[in-house]
Amino acid sequence: MISADRTLVDKIRLQFRRSESIRGYTLLSPTLLIVLLGLLFPLIILFTLSFWKQEYVDLIQTFTLKNYGDFFEKKIYYLILYRSIRISAFVMFVTVLLAYPLAYFIAFHVQKNKMIWIILVTIPFWTSYLLRVFSWKVILGYNGVINSSLLSLGLISEPLEFLLYNPFAVVITLAHAWAAVAILPIYVSLEKIDRSLIEASRDLGESAVATFIRVTLPLSLPGVIAACLLVFIPTVGDYVTPALVGGTRGIMIGNIIQSMFGKALNWPLGAALSIISMLTVTAAVCLLLGATQLFKKKVS
Amino acid sequence: MSEVIISIKNVVKDFGSVRAVNNANFDVVKGEFFSLLGPSGCGKTTLLRILAGFEVPTTGTIEIDGQDVTLNPPNHRPVNMVFQNYAIFPHLNVASNIAFGMRKSELSKVDLQEKIDQMLELIKLPGYGDRKADELSGGQRQRVALARALIKQPKVLLLDEPLGALDKKLREQMQIELRQLQQHVGITFVFVTHDQEEALTLSDRIAVMSQGDVMEISSPADLYENPQSRFVADFIGTMNFFRCTLKDFSDGVAVGESKELGSVRIQCSEPVCAVNQDFTLAIRPEKLALEFDSVEDSVNSVKGTMGPSAYLGDRSHFYIYLQGREDPVSVALQNLSGSLEHVRDTDREVCLTWSDDNCVMLADYE
Numbered sequence: 014m015i016s017a018d019r020t021l022v023d024k025i026r027l028q029f030r031r032s033e034s035i036r037g038y039t040l041l042s043p044t045l046l047i048v049l050l051g052l053l054f055p056l057i058i059l060f061t062l063s064f065w066k067q068e069y070v071d072l073i074q075t076f077t078l079k080n081y082g083d084f085f086e087k088k089i090y091y092l093i094l095y096r097s098i099r100i101s102a103f104v105m106f107v108t109v110l111l112a113y114p115l116a117y118f119i120a121f122h123v124q125k126n127k128m129i130w131i132i133l134v135t136i137p138f139w140t141s142y143l144l145r146v147f148s149w150k151v152i153l154g155y156n157g158v159i160n161s162s163l164l165s166l167g168l169i170s171e172p173l174e175f176l177l178y179n180p181f182a183v184v185i186t187l188a189h190a191w192a193a194v195a196i197l198p199i200y201v202s203l204e205k206i207d208r209s210l211i212e213a214s215r216d217l218g219e220s221a222v223a224t225f226i227r228v229t230l231p232l233s234l235p236g237v238i239a240a241c242l243l244v245f246i247p248t249v250g251d252y253v254t255p256a257l258v259g260g261t262r263g264i265m266i267g268n269i270i271q272s273m274f275g276k277a278l279n280w281p282l283g284a285a286l287s288i289i290s291m292l293t294v295t296a297a298v299c300l301l302l303g304a305t306q307l308f309k310k311k312v313s
Numbered sequence: 023m024s025e026v027i028i029s030i031k032n033v034v035k036d037f038g039s040v041r042a043v044n045n046a047n048f049d050v051v052k053g054e055f056f057s058l059l060g061p062s063g064c065g066k067t068t069l070l071r072i073l074a075g076f077e078v079p080t081t082g083t084i085e086i087d088g089q090d091v092t093l094n095p096p097n098h099r100p101v102n103m104v105f106q107n108y109a110i111f112p113h114l115n116v117a118s119n120i121a122f123g124m125r126k127s128e129l130s131k132v133d134l135q136e137k138i139d140q141m142l143e144l145i146k147l148p149g150y151g152d153r154k155a156d157e158l159s160g161g162q163r164q165r166v167a168l169a170r171a172l173i174k175q176p177k178v179l180l181l182d183e184p185l186g187a188l189d190k191k192l193r194e195q196m197q198i199e200l201r202q203l204q205q206h207v208g209i210t211f212v213f214v215t216h217d218q219e220e221a222l223t224l225s226d227r228i229a230v231m232s233q234g235d236v237m238e239i240s241s242p243a244d245l246y247e248n249p250q251s252r253f254v255a256d257f258i259g260t261m262n263f264f265r266c267t268l269k270d271f272s273d274g275v276a277v278g279e280s281k282e283l284g285s286v287r288i289q290c291s292e293p294v295c296a297v298n299q300d301f302t303l304a305i306r307p308e309k310l311a312l313e314f315d316s317v318e319d320s321v322n323s324v325k326g327t328m329g330p331s332a333y334l335g336d337r338s339h340f341y342i343y344l345q346g347r348e349d350p351v352s353v354a355l356q357n358l359s360g361s362l363e364h365v366r367d368t369d370r371e372v373c374l375t376w377s378d379d380n381c382v383m384l385a386d387y388e
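Residue numbers (our numbering), protein chains in the order written: chain B, 14 to 313; chain U, 23 to 388.
Next up, chain B with everything else stripped away, as it sits in the complex (with noise of 0.2 angstroms):
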């Protein structure tokens, strides 16, 4: 008997020592748990949720395709998830456009000391989200830092209306926030490039500016890409930028989403425009992984 157990938990090491994989899997299992459990079933939930139906403070749970059917007639749901998808991919073509120099900076012409860079990219990590949404708004008040000093100054003689309550607001702080998260993923792909590289292509007759074009960037893209969807995925849901600084004309889906939970209690709809919502993210994504090929090919 004893020699029996022994040659099974054998024969189990043995096996978990030959295959790669059950030593990824065994590897990956809590965080494939949390995953399963926190993620997949939550979505499960939303999806059912979205084809029920809410009759005042009731769950009517018979099939129905109404909620879908909601987003398409009533074009206001429509109009402000288009809106949140324009906003989102502006606020990711300026963040990653900010971020690049930043990025290539610090690859490139730092020599000593880069973690301290690196470091003080993070800064704006170290308060919460909430508290540099508000400062943002004290900035751009009514009575904020610009207006007051431009009034003090006499530059104007009354306080600027367009720079709060507005879209253009909303890009201004995402992008501020979002920046760290942009600059570091395209800093790592830029520290990768080997230098001689860059000139090799100098050698070969190429300015700076088309080395850039034809070598730099290629190389870097795997980073602006990982940039663009960590600035762009997360900010089409955002909620509490919008709400803040957005006013009426800045409102994006996550407050639509985050509504039809609250106040307007309608979860079918809340869930359908979720729904609606992860599907345009990815098909956004989809496109932007498209072209990105389209440019690597042209490239080459």
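Source of the hints: derived by calculation from the structure; they are not laboratory data. Just so you know, these numbers come straight off a predicted model, no measurement behind them. Take the hints with a grain of salt, since some may be wrong.
Mimicking BS3-like on lysine-lysine, the simulated pairs with C-alpha atoms at most 27 angstroms apart in a straight line are [as the list claims (entries may be wrong)]:
#, chain 1, residue 1, chain 2, residue 2
1, B, K310, U, K174
2, U, K131, B, K309
3, U, K154, B, K310
4, B, K310, U, K126
5, U, K281, U, K309
6, B, K309, U, K126
7, B, K125, B, K24
8, B, K309, U, K269
9, B, K310, U, K131
10, U, K137, U, K126
11, B, K309, B, K205
12, B, K205, U, K154
13, U, K281, B, K310
14, U, K325, U, K269
15, B, K311, U, K31
16, B, K127, B, K205
17, U, K137, B, K311
18, B, K309, U, K137
19, B, K150, B, K276
20, B, K311, B, K205
21, U, K269, B, K311
22, U, K154, U, K126
23, U, K177, B, K311
24, B, K311, U, K131
25, U, K177, U, K31
26, B, K309, U, K154
Distance windows between CB atoms, simulated [said to hold, decoys possible]:
#, chain 1, residue 1, chain 2, residue 2, range
27, B, R19, U, K191, 38 to 44 angstroms
28, U, V132, B, Y91, 49 to 55 angstroms
29, B, V151, U, K154, 50 to 56 angstroms
30, U, D139, B, F60, 52 to 58 angstroms
31, B, E33, U, V132, 45 to 51 angstroms
32, U, Q299, B, F121, 42 to 48 angstroms
33, U, P148, B, F60, 55 to 61 angstroms
34, U, K191, B, F121, 34 to 40 angstroms
All C-beta atoms, glycine included, are put in the ideal place defined by N, C-alpha and C.
Given chain B, work out where chain U should sit, using these hints.
Just chain U now, with coordinates in the frame of chain B:
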């Protein structure tokens, strides 16, 4: 007189307080295979990078084909470089790598493709155009780097230790190919290496560098047979050094006296020092002969004791101890009959002999 293609004039390069290149002053002739040889940190790579345009000299000028290019950026110089790690663009395939520098050429698409195919043929990788960079072996990468530079038809090709990363057999094969290629395309090569054997094999002329200084510029044979300084003699190959005092010079024969060797005769057109002054006598290991039977002390011969020996396949190294000398004298013998096993007994009395035209007088001594 051959045409000068590169003219390096009074070039100094400082990195902070470190002087990487100290007053380099020489010409490279069109079509020659010129090597910069020296131990690591001697400034040879810095000098090459100055030629390529990646470094600007602190003082001095660089002329290439009669034009002062000292301040020109790398993309405005008629030179191309093969990098030490080859610097093959990982996001491009072999054909695109080779065509990288041809963006501004006037060639049509068809002509360019033909040119790329020619280059692939030249580097013996036909049909490799669609391969990705990471599918190539070290030797293949090196060839692609060569083709990428040669397709630009530069006036000078700069090579920064291009064979350093290859294993011995492949390196030897690439040396021969590189030499043939250079003669075939007729482009001037400036080649940086720390491997003296490689430099001797490949070069028409070699500049030996040490700590930023260009010590000597000569043909491989001259550097080996008639080095002008102790550093060069020591750096290239193996050399036995003996301190001597010059006693007499007449009719092209110098007579010296050494504590270890006794009386020595050296054939030379002119002695390196005045009579009664010290000089260094340098003798290559293979220029020394061993005699086992007649152990008679005479001019250009000395008695010694057999020390350890090493068997190297084609030859054997013997280390002979002399009276009054701590380091053994190194002697190399061809293994013409077997492994010379019968003469390897240590502590055996032997006699070292050499001919008076096979040794070198050096002015500097330690």
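Evaluation of the provided hints:
1. Of the supplied pair hints, the one linking B:K310 and U:K174 holds, its CA atoms being roughly 24 angstroms apart against a limit of 27 angstroms.
2. A threshold of 27 angstroms between alpha carbons decides the hint, and for U:K131 with B:K309 the separation of about 20 angstroms falls inside it, so the pair holds.
3. Pair hint U:K154 plus B:K310 holds up; C-alpha atoms about 14 angstroms apart against a cutoff of 27 angstroms.
4. Restraint check: the Cα-Cα separation between B:K310 and U:K126 comes to about 19 angstroms, which is no more than 27 angstroms; the hinted pair holds.
5. Of the pairs offered as hints, the one joining U:K281 and U:K309 holds, with about 20 angstroms between alpha carbons and a cut-off of 27 angstroms not exceeded.
6. At roughly 20 angstroms between alpha-carbon atoms, B:K309 and U:K126 fall within 27 angstroms of each other, so this suggested pair holds.
7. Restraint check for B:K125 and B:K24: not satisfied, since their Cα atoms lie roughly 52 angstroms apart, outside the 27 angstroms limit.
8. Of the pairs offered as hints, the one joining B:K309 and U:K269 is violated, with about 77 angstroms between alpha carbons and a cut-off of 27 angstroms exceeded.
9. With a C-alpha separation of about 17 angstroms, the suggested pairing of B:K310 with U:K131 holds against the 27 angstroms cut-off.
10. Between the alpha carbons of U:K137 and U:K126 the distance comes to roughly 15 angstroms, so the proposed pair stays at or under 27 angstroms and holds.
11. Note on B:K309 and B:K205: the hinted pairing holds, with a Cα-Cα distance of about 18 angstroms set against a maximum of 27 angstroms.
12. Distance check on the hinted pair: B:K205 and U:K154 sit about 19 angstroms apart at the alpha-carbon level, within 27 angstroms; holds.
13. With a C-alpha separation of about 75 angstroms, the suggested pair U:K281 and B:K310 falls outside the 27 angstroms cut-off, and the hint is violated.
14. Distance check on the hinted pair: U:K325 and U:K269 sit about 22 angstroms apart at the alpha-carbon level, within 27 angstroms; holds.
15. For a cut-off of 27 angstroms, the pair hint linking B:K311 to U:K31 is broken: about 44 angstroms separates their Cα positions.
16. A hinted pair counts as satisfied when its Cα atoms are at most 27 angstroms apart, and B:K127 with B:K205 qualifies at roughly 14 angstroms.
17. For the hint pairing U:K137 with B:K311, the CA-to-CA distance comes to about 21 angstroms; that is within 27 angstroms, so the pair holds.
18. A C-alpha spacing of about 24 angstroms is found between B:K309 and U:K137, which places the hinted pair at or below 27 angstroms, so the restraint holds.
19. Taken as a hint, the B:K150 and B:K276 pair is honoured in the structure, with Cα atoms around 25 angstroms apart against an allowance of 27 angstroms.
20. Of the supplied pair hints, the one linking B:K311 and B:K205 holds, its CA atoms being roughly 23 angstroms apart against a limit of 27 angstroms.
21. Restraint check for U:K269 and B:K311: the C-alpha separation of about 78 angstroms exceeds 27 angstroms, so the hint is violated.
22. Of the supplied pair hints, the one linking U:K154 and U:K126 holds, its CA atoms being roughly 23 angstroms apart against a limit of 27 angstroms.
23. The suggested pairing of U:K177 with B:K311 is violated, with an alpha-carbon distance near 31 angstroms, which exceeds 27 angstroms.
24. Between B:K311 and U:K131 the CA atoms are separated by roughly 15 angstroms; this keeps the pair inside 27 angstroms, and the hint holds.
25. A C-alpha spacing of about 19 angstroms is found between U:K177 and U:K31, which places the hinted pair at or below 27 angstroms, so the restraint holds.
26. For the proposed pair B:K309 and U:K154, the alpha carbon gap of about 14 angstroms is at most 27 angstroms, so the pair holds.
27. For the hinted restraint 38 to 44 angstroms between B:R19 and U:K191, the CB-CB distance of approximately 51 angstroms leaves it violated.
28. Between U:V132 and B:Y91 the beta carbon distance is about 51 angstroms. The supplied range of 49 to 55 angstroms therefore holds.
29. Range check, B:V151 to U:K154: Cβ separation about 53 angstroms, and the 50 to 56 angstroms hint holds.
30. Between U:D139 and B:F60 the Cβ separation comes to about 57 angstroms, which falls inside the hinted range of 52 to 58 angstroms.
31. Checked against the given bound of 45 to 51 angstroms, the beta carbons of B:E33 and U:V132, roughly 48 angstroms apart, stay inside it.
32. As the Cβ distance of U:Q299 to B:F121 is approximately 57 angstroms, the hint placing it in 42 to 48 angstroms is violated.
33. As the Cβ distance of U:P148 to B:F60 is approximately 57 angstroms, the hint placing it in 55 to 61 angstroms holds.
34. Checked against the hint of 34 to 40 angstroms, the C-beta distance between U:K191 and B:F121 comes to roughly 39 angstroms, which is consistent with it.
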